[in-house]
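Residue numbers (the numbering used here), protein chains in the order written: chain A, 1 to 116; chain B, 1 to 111.
Quick caveat, the hints were computed from the structure, so don't treat them as lab data.
The structure presented is a predicted model; accordingly, all values stated were derived computationally and were not measured.
Heads up, some of the hints might be wrong.
[As the list claims (entries may be wrong)] What follows is a list of derived Cβ distance ranges for each label pair:
hint	chain 1	residue 1	chain 2	residue 2	range
1	A	S62	B	L61	38 to 48 Å
2	A	S55	B	Q59	45 to 55 Å
3	B	K68	A	I56	39 to 49 Å
4	B	N52	A	E52	14 to 24 Å
5	B	F9	A	K38	43 to 53 Å
6	A	P61	B	S103	34 to 44 Å
[As the list claims (entries may be wrong)] With a straight-line cut-off of 20 Å between C-alpha atoms, the simulated PhoX-like cross-links for lysine-lysine are:
hint	chain 1	residue 1	chain 2	residue 2
7	A	K103	B	K36
8	A	K53	A	K9
9	B	K36	A	K41
[Claimed, not checked] Away from chain A, derived, C-beta distances all over 12 Å, residues of chain B:
hint	residue
10	Q6
11	V19
12	T23
13	D26
14	T30
15	Q44
16	L45
17	D54
18	R60
19	D78
20	Q80
21	R92
22	R96
23	V109
All C-beta atoms, glycine included, are put in the ideal place defined by N, C-alpha and C.
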Amino acid sequence: DTEVTQTPKHLVMGMTNKKSLKCEQHMGHRAMYWYKQKAKKPPELMFVYSYEKLSINESVPSRFSPECPNSSLLNLHLHALQPEDSALYLCASSQERGGAGPKEQFFGPGTRLTVL
Amino acid sequence: GEDVEQSLFLSVREGDSSVINCTYTDSSSTYLYWYKQEPGAGLQLLTYIFSNMDMKQDQRLTVLLNKKDKHLSLRIADTQTGDSAIYFCAERVTGRRALTFGSGTRLQVQP
C-alpha cells in the first residue's frame with residue numbers, strides 16, 4: 001500500500017469559518033508533510049512532522065495549525081483564512097530513518113480549498 | 001542556494017520520445033526526483049536518481065544526470081496521450097527533508 005489519502009477533496013469556506021483537512025497513510029512512514037500549491041506553480045512546503053513532532057514550520061501564518069495525533073494521521077486546522085489562501089493543499093509522507101536513502105515522498109491527491 | 005529551473009512547455013507527437021530538462025544549483029544535492037501531476041491531482045513519484053549515478057532506466061523512463069553541469073533530464077520513450085501532464089523535477093539537499101521543486105514542465109502529447 002503506497003497510498004496517501006486526503007479528505008475532503010474539495011472545501012469551500014468563508015473567512016470566519018473553522019475547518020480541518022485530514023491526511024492518512026498506512027505505509028509506516030514517520031515523516032509527514034503539508035504543502036500548498038497555487039495554480040500553475042510548484043508545491044511549497046508548509047510543515048514537516050517527524051515522529052509526530054513538528055520539525056519544520058516554513059514561517060506559515062498562525063491561521064494554519066497543523067496537528068499529528070498519531071503516526072498515521074496528519075491534520076491541518078484552518079481558521080480565519082483569507083481568499084489568497086485558496087489553493088491545492090497536498091499531504092505527503094516518507095520514511096524517516098537515519099543515514100542515506102532516497103526518502104521518497106509520496107503525495108496524496110490534495111484538497112482543493114476555496115476561501116470566499 | 002537552492003534553485004531548480006525547468007522549461008515551461010513541451011509538445012510532442014504520440015509515439016515520439018519526450019525529453020524534459022531541469023537544472024539545479026545546489027551541488028550538495030543527494031537525490032533528484034521526477035514527479036508527474038495530472039490536472040486536479042496530486043503528485044505521482046515517477047523515479048529518482050542518486051547524485052553519484054549518471055543514468056537510471058525504468059521501463060519507458062530514462063533519467064540522465066550530468067553532475068558537472070548540474071543538469072537532469074527525463075526521457076519518455078514512445079510518448080502516449082496519457083503522458084500529458086506537468087512534470088516537476090525536485091532536489092533534496094544533504095541533511096534536509098524538504099524538497100525544492102522546479103517550476104514544472106507542461107507536456108502536451110498530440111495524437
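| So which of the earlier hints does this model not fit? | Hints 2, 3, 4, 5, 6, 8, 10, 14, 15, 16, 21 and 22 are the ones this structure does not satisfy, whereas the remaining hints hold.
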